[in-house]
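Using the sequences and the hints given, assemble the complete structure.
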Amino acid sequence: MAVTTEPAAALPEDAIDPRLLVRQHGLAGYWELFKRRVRGGELGALPVIVGLLVIWTVFYLQEPRFLSAQNLTNLLLQIAAIGTISVGIVLVLLLGEIDLSVGSVSGLCACVLAVLNVKQGWPVLPAIVVAILVGTAIGLFQGFVFSQFGVPSFVVTLAGLIGWQGLQLAVLGNTGTINFPFGQGVANLANTFFAQDWVGYAVALVAVAAYSLSLLNDQRRRLAAGLITHPMSDLVLRSAGLLVLLLAVVVLLNSDRGTPLPLLIFVGFVILFDWITRRTRYGRYIFAVGGNTEAARRAGINVNLIRISVFALCSTMAACGGILAASRGLAASQSSGGSDTLLFAIAAAVIGGTSLFGGRGSTYAALLGMLVIGSIANGMDLLGLESDIKFMITGGVLLAAVVVDALARRGRTAHGRA
Amino acid sequence: MTSAAPGGTGPILEMLGISKRFGAVQALTDVDFSVHEGEVVALVGDNGAGKSTLIKTISGAGPADDGVISFAGEKVAIARPHDSQALGIATVYQDLALCDNLDVVANLFLGREGRRGAALDEVDMERRASELLRSLAAKIPSVRIPVASLSGGQRQTVAIARSLIGEPKLVILDEPTAALGVAQTAQVLDLIRRLRERGLAVIVISHNLAEVDEVADRIVVLRLGRNAGEFRVGEATQEDVVAAITGASAARRPSDPDTDGGA
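Chains as they are written, first to last, in my numbering: chain V, 1 to 418; chain A, 1001 to 1263.
Any given hint could turn out to be false.
[Unchecked claim] One-sided excerpt, in silico: chain A residues whose CB lies under 8 Å from chain V:
#1 R1021
#2 H1082
#3 Q1085
#4 Q1094
#5 L1098
#6 C1099
#7 D1100
#8 A1106
#9 L1110
#10 A1118
#11 V1123
#12 E1126
#13 D1240
[Said to hold, decoys possible] Cβ pair distances, simulated, as ranges:
#14 P1141(A) - W31(V): 15 to 25 Å
#15 L272(V) - A1210(A): 24 to 34 Å
#16 A225(V) - A1118(A): 15 to 25 Å
#17 W275(V) - G1247(A): 51 to 61 Å
#18 S1151(A) - Q148(V): 54 to 64 Å
#19 L223(V) - V1068(A): 49 to 59 Å
#20 R1112(A) - E386(V): 56 to 66 Å
#21 R1112(A) - A225(V): 35 to 45 Å
#22 P1141(A) - L330(V): 54 to 64 Å
#23 D1121(A) - Q148(V): 28 to 38 Å
#24 P1141(A) - L140(V): 50 to 60 Å
Because the hints were derived from the structure by calculation, they are not lab data.
Backbone N, C-alpha and C define an ideal beta-carbon position, used for all residues, glycine too.
As structure tokens, then:
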């Protein structure tokens, strides 16, 4: 149906995109936009980045080695596994739900991989695929129970937290720990570095090129469709910013051991799921269900399918993270996926700016939040602090992040943006 | 009320003997209802008369327990919102059912997003959204801001505009003007007339009889979950309608030969 038979009147003053008004002025425009967003409670990544800078400064002043290339590379290695789990947590949080079983699932899948690969002698690839599919199956099951019986996801996954841990012990049998032989197979996953300098640069350049091209393509199509476009300077500014950032990271990595494979895997997942959540119909439906379940249902969205699939994805990512962790630790054991895995994965998503109230967030939260948590853990290790202090400080940071989330929500409500 | 003849002027939607029960409450009892293409039917009645319940049986949000629904002359089963949408029925609920966290474009196209390969075609959706809103003379600050930051009238406009995206044959509006100011009410009524000009069937739930008189062709009154009267606009006074709503008089049907005065 052509709903546009009426001749379009001149664009009313207030129908003009307000973003354009500020973006036109380049950097100053960004600053205006930024101030307006902060006042409106749309903090975005700001608190995280400020927090990260503060944390890095504090640790650097205490121990200059903290900002050395070697230590920062270690930091990135440390966050890859739990960060991967956290990407799945972000998806579940977008629905306004929670998955407490990811730690246990990651441990269980690591042990499944170890038993298949080391004990049963399966080749690496099929063993990894089966281990990941175990995670997917668990997620399908939990999502099914949650959506079909209306049991709160908190409870379903709490049961999973205990249950899958039991299964993990059963899978291991009377073997306490299964070691992966170093320098081959599974161990290579998290311990491979691309020592050749060009690999890192190539990845960075390809990423920036892809980003710039997508911006340009978008610009071209918007122009063709007669829509408001961003000024060209804006596009150049963004691409240049990304280029500088990525090159800085690559230079840093190359001055140590090179670009680590687990980092590429983790960041790859972040980018992939960011694209899925923001650019695809499926991702749009995740946001819709998280924002207003009833509206989503009335729009014809299969809410249960979205829920089950998101829980499946979350557990799948937990399995991937568990495998990365086992690879890095060169072993799967009864304690795999235990202790702070779950806490860190959820804390990273929340600290990174994913709302606990659903419908707001991005998978980049997993990356940013994990950098914060990883930096704290890494820095405190460097300073030789004890576990008691580390737990309390990490807990404090999580609490602060949740308070910021709640305050931002209040700010949005006050500005009619909740 | 007769069934549609193919290619004839039968009703696009015809419902016969619709009943719906919630636990101990009989919300609808043997209700008949129909609407033709290019016709605006106002569904009126007191609170709890069953208007919203009847709408939900059409939209699939609360399927009827009993009764026959025919759409475009064919008997259909509407068990879920998807069935209703697939038939070409668009419903704008009183609570608007918008996702506050999504922007205007995302809300307009929710459930029927345009795609380009695997990705959403944001550019095309934004263009169509802008055109659509402009054709409705809607004043929305930007199609790219979250719906949460819009005023009540703007949200209503978005909700109605959204119902038009799917090229429906029948649009159901549940109290579309209840929360609107004077100017925006006029805009919505104007919009309803435009829908009729396009040959769409429109069902409007309203409490405002002045508005109903202004925009509707026919008025169907429900009372306590039953048909309580049916009037052709211009042939009945507001007092007649009010009497039917409150039950102060016996139902009067224009088609009934035994009602007084051939006029």
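Results of checking the hints against the structure:
no.	hint	result
1	R1021	violated (22 Å)
2	H1082	holds (5 Å)
3	Q1085	holds (5 Å)
4	Q1094	violated (12 Å)
5	L1098	holds (6 Å)
6	C1099	holds (4 Å)
7	D1100	holds (6 Å)
8	A1106	holds (6 Å)
9	L1110	holds (4 Å)
10	A1118	holds (6 Å)
11	V1123	holds (4 Å)
12	E1126	holds (6 Å)
13	D1240	violated (35 Å)
14	P1141(A) - W31(V): 15 to 25 Å	holds (21 Å)
15	L272(V) - A1210(A): 24 to 34 Å	violated (56 Å)
16	A225(V) - A1118(A): 15 to 25 Å	holds (20 Å)
17	W275(V) - G1247(A): 51 to 61 Å	holds (59 Å)
18	S1151(A) - Q148(V): 54 to 64 Å	violated (39 Å)
19	L223(V) - V1068(A): 49 to 59 Å	holds (53 Å)
20	R1112(A) - E386(V): 56 to 66 Å	holds (57 Å)
21	R1112(A) - A225(V): 35 to 45 Å	violated (19 Å)
22	P1141(A) - L330(V): 54 to 64 Å	holds (56 Å)
23	D1121(A) - Q148(V): 28 to 38 Å	holds (34 Å)
24	P1141(A) - L140(V): 50 to 60 Å	violated (42 Å)
Of the numbered hints given earlier, the model fails hints 1, 4, 13, 15, 18, 21, 24; all others are met.
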